Structure formats: C-alpha cells, structure tokens
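**Student:** If you want the building blocks of each chain, they are given just below.
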Amino acid sequence: MTLIQVTDLRRTFEVRRKEEGSRRRHRVEVEAVRDLTFEIAAGEMVGYIGPNGAGKSTTIKMLTGILVPTSGHIRVAGVDPSRNRTALARRIGVVFGQRTSLWWDLPLRDSFDLLQKIYRTDPARHRANLAEFLELLDLGELLDTPVRQLSLGQRMRGDIAAALLHDPEILYLDEPTIGLDVISKGRLREFLRSLNRERDTTLMLTTHDLQDIEALCDRVIVIDHGTQVYDGTLAGLHERGGSTRTLVVDLVDEVAPILIAGAETRRVEGPRQWLSFPADASAAPLVAALASSYDVADLSIQEPDIEDVIRELYSRPPAG
Amino acid sequence: MVDAAVAYYRIGSLWVRASMAYPASFWMMAVGSFLMTGLDFVGIWILFGNVDDLGGFSLTEIGFLYGATGLGIAFADLFVGRVERLGQMIRFGRLDTMMTKPVPLLVQVCADEFALRRFARVFQATIVFTWAATYVDWTLPRALVAVEMVVSGSLIFFSLFISLACIQFWTADSSEAANAFTYGGNTVTQFPLTVFPSEIVKALTFVVPIAFVNWYPALFILGREDPFGLPSALQLASPVAAAVMLAVSALVWRTGVRHYRSTGS
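Protein chains in written order, with my numbering: chain E, 1 to 320; chain R, 321 to 585.
Check the hints yourself; a few may be wrong.
As the list claims (entries may be wrong) - To be clear about the criterion: a stretch of chain E counts as covered by chain R if any three or more of its residues have a C-beta under 8 Å from a C-beta of chain R, and this derived list gives those stretches:
hint: 1; region: 66-76
hint: 2; region: 99-111
hint: 3; region: 230-241
For the record, the hints were derived by calculation from the structure and aren't laboratory data. Treat the numbers as computed from the prediction; the structure is a model and nothing was measured. Yeah, the Cβ is synthetic: ideal placement off N, Cα and C, and Gly gets one too.
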C-alpha cells in the first residue's frame, strides 16, 4: 500500500542577492527541490540522503505540511499535507535532529504529559507506550530532568519517544544520529529496527552516516541540487557509484604489495597495507585468501564515506 | 472553535502547573506587573490635581475610558499576547515543531508559556473600570453596550496582535513596529479623543479602528454627543468593527502560514 506519494514536486525560494556593480538587491528564485517523484509503501524504511543543501530538509518539511510546495503533488496517508496539516499530524511523528520538539524548561515528564494532551492520546495507551519507550530508550531516570539539562544523546532519545507516543504510522527523522557517540548510535538503530518490525512503522530518515542506512534501510533515495539522482538499494548505489571498502592489513613482516584476486593494493606503509575492494563484495573470502598466503597480524575494514559515494555518483554520466 | 479553546486550556493549564513550581517568582512578577500598569493611571490622577478637565472630560469619565481600553488590551494580551514572539519561534525552529502537532498553530503559539501573572493587567484595569463605573448613570441599554464594548474591545486588540505579528512571517523581527499599534493604540485611547485633531480621530475610526475599543461605546454610555459631529450610529458599531478586524486577521494569518519559509537546516 502506498503511504507517501510525491509527484513532480518543486519548491522555490525567493532570495535577495546583491549583484556586483549594483547597489540594488535583486530578487532571485532558487530551486530547492525540483522534479521530485517517488512513492513509499507502508512499512518501508527509506534513507533519504544527499550533500548539505541538497533539499533533504525542504522535502521533509513539505511532506509534513510545514512548507507549501511551489508546484507538484504530495499525498501522505491519503491527504495533501499542507492543506490537512493538523489532521495529518496525528498520523506522523517528526524528529528534527538539530532542534527539539520538547519544551526547554519543562522536565521530560511534563513534556510527555503535554504531548498526551495535545494529541489526546488515550491515557492507557499513552502510559503503555511511555513505559515501553522509557525502557527501550533508557529514559526512566531522566524523567524529572529539565530538557535543557539533558545531553544531546539523551535529548535525542527523549525527542524520539515524544514523536512516537501517539502511535504514528510514519516517522520522519532528520539527521537523528548527528553528534551521537558510537554506542548511542548503535542503540538508536536497534530501537528503530525493532519499531519497524514490531509496529510496522514506516521510516524515512535523512542522514550523513552511511552506517545508519546500512543498518536500517533497504532502500535509498539520493538527491542533489534538489533533484533525485538515485532510488534503489544501498548495494545498487555502491555499484553505481563504484564505491569501495578498504581492508587495512597489518602484516607480521614488511613485504611487497599484496597481490590477491578481488582487491587492489592502494598503499603500503611498512608492515601495513591498504587494499580496496568493491563495497558490495563480501570481505570474508578476501580475508580467508589473505590469511592462507600471508602472515596477518591484524585486520580492519573501513566503510566508504557517504560523501565520497555521492561524489562518485555525480562525477559519472547518469547511466541509462 | 470549541476544540481550539479546549486545546488552549489544556496547554495553558499545564504551563501554569509547571510555573507553580516557583511560587515566589510568580508572586513577584505578578505584583510587579500590577504596579507597572497601575502607575499610568496615577499619572493621569496627578494631572487632574492641576486641571479640572481634559478635552472636556472629567476624571471619572477618563477613568471609564482608561478602564475600558485597559480591559480590552488586558484580555487580548492575556490570551494572544505571546503571538508577538512569532519571529523568535521562527528563528529557533519552534514553529516547525508546532506545525507537526495536531492543534491549530495559532492556539499553540498563543498558549505557549501561558502565565497567570498576565492576569495582573486584567485586575488593574478592572479596578479602575469598576471605580469609574460607579459614577455612570446606568440604564439597561447602557449596561448592554458596556458588555458589548469590553467584548468588542478585546477582539479588536486580539485581531491587531495577530495581524501585526504576521508581519514576522516575512520580516523576522518587526515586533517593535507592531507594539506601536497595539500598546500605542492602548495609550492613545486612554485619553478622550477630543485632545487629538479630527484627522487622527477619523484614522482611528476608519483605518485602524481602535476608537471602537472604548471611545464610541463610551460616548453612548456616558450620554455624550459626538464632539466631532460624527453619526451616533458609530456608538453602537463596535461589534461590526470587531467582526471586520477578526476576518482581516484570520485572512492575514492564513496567508502568513502559507508563505512561511521555515529556516535552513
């Protein structure tokens, strides 16, 4: 069942720019999003990625009804978001990583109470959800702390609980792991996976962290300069972008550059060598082959950087 | 409408409960606010120690005008005063998060950080109004007009607050300019309009109709002829002015929301 439908979406902003040699400022139209078309089915987990200023947040803001599209159509859960914003609000949850929807001066507990009143969630349902999220997100001990005193990771968990207390069908996350440490990121991903599994919540997240996508999303939509450049699996993106992972090998002795099928030695520094191999290939046979022919002291794998993958994608002429 | 009021009440009462965690600060702010607004009238009182009347109106009549406009702005400020902070809410991204909640945006903006201390203005205006009202020669029609005056006056200021705050959808910080009309309008109508040239009175009637907040209905209640010779029908026209202002503010608000550009990120 299609839950989100976007057709020929376009949004421009008028900005005033000063031109050289002229004192007057001219109005210039900037296209933040153009010709965007995609569908998301119920229960999908979709990564929405792109460089800074690509139009990710603008898209999320149009999907939630905050911004009115300049042209094109959006249907979310069967309605036009900007025209039915308040009605749609009950069915969606939104987390903006850079800002909080909690009340700065109120303890977390009061923020959650206020949300129950705003959404008019059934009190029993609210209590059950709250108990579950407090447990899963490890928030129990923070309930009486004012939001301004929470750390970034704690606040993010609070925000995610806040966005889910009314049982939304869709959860939009705008950079949910930004600024979080590795452990918090891992826990958050685990939580989001279980949310999708147990409650069938549809997830759409923007992120800079390719590991978020790897851990969560079967599907990736890439946008750049406001327009869609890729829609498909993460493996397909790696293939299109020709992205590579790097195997860092620490050998017992200094030897000549490693020669092995399926990988390319990029760099040698004493006993340490860097081998690159296609990101969608498995590292296991490579490691096995290495171990059988060389004395390996240690190994680690570096994931491709999202910015690199996307840069690669753009530097190639669009396929097909 | 009822839904909006209920939502306002729910959000507002939670803010009150939260603020009651600090009772000392609540009382200090309340008393401070009461004294600040009260000092205005003391100023007028002192003036009357030196003159017998102002623009042909006695001290008790001016008290009536003062109390009436005071009640109007006090009720409007109590319920929608927060709308002045719209620009700030836009800058900090608060408006974005409010827009994803299932309560009308205006209700959320106005009920945000609702504080009981804003009742201080209402108390102060009520005291002056009640005192001045004891000198009025009351009849039933006059009493009805008095009720209608306070309701219409509140709605006129209410509409002014909202319409002017909407400028902030386009220009981030214009709350000072808006204050010139709201609190400025309140100050102007604390005096009998006979102290102003007739052009200003016409502007306050037909352009920004704050003369309907107290001046015209008060002429009826005090049993005075219109000093500018304007039709006496104006004295009963406050509800019409309020309705027009409300319609304009609803339109401006809607247009503002649809033109909202959010902030980067």
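**Student:** Run every hint past the structure and note whether it holds.
**Tutor:** Evaluation of the provided hints:
| no. | hint | result |
| --- | --- | --- |
| 1 | 66-76 | holds (count 3) |
| 2 | 99-111 | holds (count 6) |
| 3 | 230-241 | violated (count 0) |
Of the numbered hints given earlier, the model fails hint 3 alone.
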